[in-house]
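Put together the whole structure using the sequences plus the hints.
These are the residues of each chain, in order.
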Amino acid sequence: MHNTVFEKLKSDDPDIRKSKILEALESEDLSVSFDDALENEMVLNMGPQHPATHGVLRLLVSLDGETIKKVVPDLGYLHRGYEKLAEATSFHEYIPHTDRLDYLQPIANNVAYTMAVEKLIKLEIPERGKYIRTICSELGRIQSHLIAFGTMVMDIGALTPFLWAMREREKILDIYDIMTGVRFTTSYTRIGGVAQDIPDAAIAGIKKFIDEFPKYLREMRDIVERNKIFIVRTEGIGIISKEDAIDYGITGPILRATGVPRDLRKDEPYLIYDKLDFDIAVLEDGDSLSRYYIRIEEMIQSVRILHQCLDKLPKGPYNSGNPKKVLPKKERVYTKMEELIHDFMLINFGVNPPVGESYSAVESSKGELGFYIKSDGRGNPFRLKIHSPSFCNLQILPVLMKDCMISDVVVIIGSVDPVMGEADK
Amino acid sequence: MNQERIDLIKLKLTDFNIVFTDITGTPAINANPKYIINICKILKTDPDISFEMLLDEMGVDNFKKGIRFEVVCSLYSLKFKDRIFIKVLLDDKNPEMPSLTILWKGADWYEREAYDMFGIKFTGHPDLRRIYMPEDYEHFPMRKDFPLLGIPDSIQLPNK
Chain A
1 MHNTVFEKLK
11 SDDPDIRKSK
21 ILEALESEDL
31 SVSFDDALEN
41 EMVLNMGPQH
51 PATHGVLRLL
61 VSLDGETIKK
71 VVPDLGYLHR
81 GYEKLAEATS
91 FHEYIPHTDR
101 LDYLQPIANN
111 VAYTMAVEKL
121 IKLEIPERGK
131 YIRTICSELG
141 RIQSHLIAFG
151 TMVMDIGALT
161 PFLWAMRERE
171 KILDIYDIMT
181 GVRFTTSYTR
191 IGGVAQDIPD
201 AAIAGIKKFI
211 DEFPKYLREM
221 RDIVERNKIF
231 IVRTEGIGII
241 SKEDAIDYGI
251 TGPILRATGV
261 PRDLRKDEPY
271 LIYDKLDFDI
281 AVLEDGDSLS
291 RYYIRIEEMI
301 QSVRILHQCL
311 DKLPKGPYNS
321 GNPKKVLPKK
331 ERVYTKMEEL
341 IHDFMLINFG
351 VNPPVGESYS
361 AVESSKGELG
371 FYIKSDGRGN
381 PFRLKIHSPS
391 FCNLQILPVL
401 MKDCMISDVV
411 VIIGSVDPVM
421 GEADK
Chain B
1 MNQERIDLIK
11 LKLTDFNIVF
21 TDITGTPAIN
31 ANPKYIINIC
41 KILKTDPDIS
51 FEMLLDEMGV
61 DNFKKGIRFE
71 VVCSLYSLKF
81 KDRIFIKVLL
91 DDKNPEMPSL
101 TILWKGADWY
111 EREAYDMFGI
121 KFTGHPDLRR
131 IYMPEDYEHF
141 PMRKDFPLLG
151 IPDSIQLPNK
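Chains as they are written, first to last, in the numbering used here: chain A, 1 to 425; chain B, 1 to 160.
Keep in mind that the hints are not guaranteed to be accurate.
As the list claims (entries may be wrong) - Computed list of lysine-lysine pairs in PhoX-like fashion (alpha-carbon distance at most 20 Å, straight line):
no.: 1; chain 1: A; residue 1: Lys70; chain 2: B; residue 2: Lys105
no.: 2; chain 1: A; residue 1: Lys242; chain 2: B; residue 2: Lys64
no.: 3; chain 1: B; residue 1: Lys93; chain 2: A; residue 2: Lys242
no.: 4; chain 1: B; residue 1: Lys144; chain 2: A; residue 2: Lys84
no.: 5; chain 1: A; residue 1: Lys122; chain 2: A; residue 2: Lys324
no.: 6; chain 1: A; residue 1: Lys402; chain 2: B; residue 2: Lys105
no.: 7; chain 1: B; residue 1: Lys64; chain 2: B; residue 2: Lys93
no.: 8; chain 1: A; residue 1: Lys275; chain 2: B; residue 2: Lys64
Treat the hints as calculated values from the structure; they're not laboratory data.
Given below as structure tokens:
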């Protein structure tokens with residue numbers, strides 16, 4: 001019996017062989033054996049609920065033995081329809097929703113969104129507001145890169161740096177607590193400025209943090225970068241060439257790791273970046289290790305930027321004075337007639353931008369985060385499109401993972417650093 | 001972008017009957033879907049223009065008769081560090097445009113998203129599947145005639 005089934009399985013056509021195996025399995029014939037299991041390709045389903053995919057990313061991996069032949073990412077498990085929701089909310093109401101896009105740096109998303117609205121309604125914000133927003137963006141960058149650093153080394157097996165990174169991140173969240181009143185989903189910016197002035201306690205907190213942070217970062221780097229396992233698992237793994245990266249429209253640390261010095265903070269300076277002195281980290285190799293080094297270098301540069309911002313922070317108003325566009329302070333709404341009227345008009349009818357479109361992009365920690373807003377003159381956007389860097393960057397996973405080993409999958413995802421809240425919108 | 005560069009682009013694209021507009025300071029081109037491949041090829045490959053990167057393709061539903069849909073392509077030049085938008089105007093009956101995947105590999109997912117959300121067909125796309133919604137979903141959620149609360153019973157749920 002055994003011999004006859006085995007003879008049948010020797011057919012060269014894989015389809016016939018497969019159907020014979022299925023036949024044998026259906027008749028519960030357990031005597032069937034395979035001559036070479038590794039010759040058969042296998043499809044592995046990874047995710048959406050998997051601790052190493054950084055959210056609800058699903059990958060279908062086609063394997064030959066342990067080598068990856070093909071990868072198909074599957075998105076949409078966190079699709080909440082935020083673009084549709086924007087069409088039913090006013091410009092102010094949408095700010096808390098931007099927290100939930102890239103939930104590792106909510107405060108930088110607030111800045112990006114309000115900048116797009118201000119570009120549409122042609123509202124200039126005062127200098128102090130710009131400085132506060134720059135501080136927010138850079139704190140967000142450190143906050144996000146710490147998670148990227150921690151989870152990437154955790155995927156390789158080093159748990160200690162992850163906990164250290166979380167400890168540092170916790171300090172940033174404490175600063176947000178003083179600054180915005182919330183630790184996580186900040187919703188700090190408003191159209192025309194920020195919700196409230198930055199308190200002295202928060203400035204002291206940031207000063208203390210940026211004084212200590214380089215030392216702690218050095219500690220974290222010391223136990224990672226001289227570790228042979230880390231280097232072997234990342235060097236030359238997950239390579240993308242410069243040409244491919246440009247062709248796929250990749251932005252952020254992944255593009256800079258291939259040798260393209262594109263950073264919107266230098267190329268299209270927004271806020272006060274043209275007045276600051278900082279460098280762009282660029283490396284040539286395009287592998288996981290260079291992406292890691294880019295993020296480390298960006299954290300160091302962010303500390304430099306924060307030092308300059310705090311030194312130069314000017315006095316003055318933090319909000320644009322235009323009462324038709326900027327929400328008044330709550331205590332004034334309850335006591336002053338003028339403010340009550342403006343508050344009523346802004347809440348009920350919105351900022352009513354002119355008919356037209358605007359596109360505004362910032363350099364978020366993952367790449368170009370852009371908001372395209374089309375307005376028909378009413379208080380809510382006619383169309384709002386989020387150009388999210390995670391969505392574009394995930395597209396190169398098949399290129400990065402081609403011919404790698406199955407154990408490299410989690411490391412490569414860690415080095416790409418996707419956030420599914422942003423990719424799925 | 002300075003005026004010289006805009007004039008140069010105008011000169012190179014004279015054959016294609018384009019209209020120059022503006023999106024808050026960034027130049028934009030209104031283009032016919034017939035010529036979009038030719039226009040993009042010139043914009044991408046001409047060394048004096050050189051828009052190497054396609055950053056996004058954004059669908060827009062204007063909700064009116066005639067030219068109802070738009071696809072706004074966002075292009076970036078690494079050489080000159082500026083950007084341009086191309087608005088492809090599409091018909092309401094049969095929203096269809098040639099796929100840009102033959103010029104940029106990255107157009108793949110952007111076009112799948114525009115198809116998923118607006119039902120815009122991209123001819124020549126290698127793999128035009130839905131990207132966010134379930135594969136057997138019949139509606140296009142970002143169209144203006146799709147209600148915000150969704151259509152009841154459009155997704156089969158277990159009945160227990």
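Each hint tested on the structure:
This hinted pair checks out: Lys70/A and Lys105/B have alpha carbons roughly 16 Å apart, not beyond 20 Å. A threshold of 20 Å between alpha carbons decides the hint, and for Lys242/A with Lys64/B the separation of about 42 Å lies outside it, so the pair is violated. For the hint pairing Lys93/B with Lys242/A, the CA-to-CA distance comes to about 41 Å; that exceeds 20 Å, so the pair is violated. Taking the CA atoms of Lys144/B and Lys84/A, the gap is near 9 Å; set against the 20 Å cutoff, the hint holds.
For the suggested pair Lys122/A and Lys324/A, the alpha carbons sit about 13 Å apart, so the restraint of at most 20 Å is met. Only pairs whose Cα atoms come within 20 Å are accepted, and Lys402/A paired with Lys105/B is accepted, the gap being roughly 16 Å. For a cut-off of 20 Å, the pair hint linking Lys64/B to Lys93/B stands: about 11 Å separates their Cα positions. With a C-alpha separation of about 46 Å, the suggested pair Lys275/A and Lys64/B falls outside the 20 Å cut-off, and the hint is violated.
When each numbered hint is compared with the structure, violations occur for hints 2, 3 and 8.
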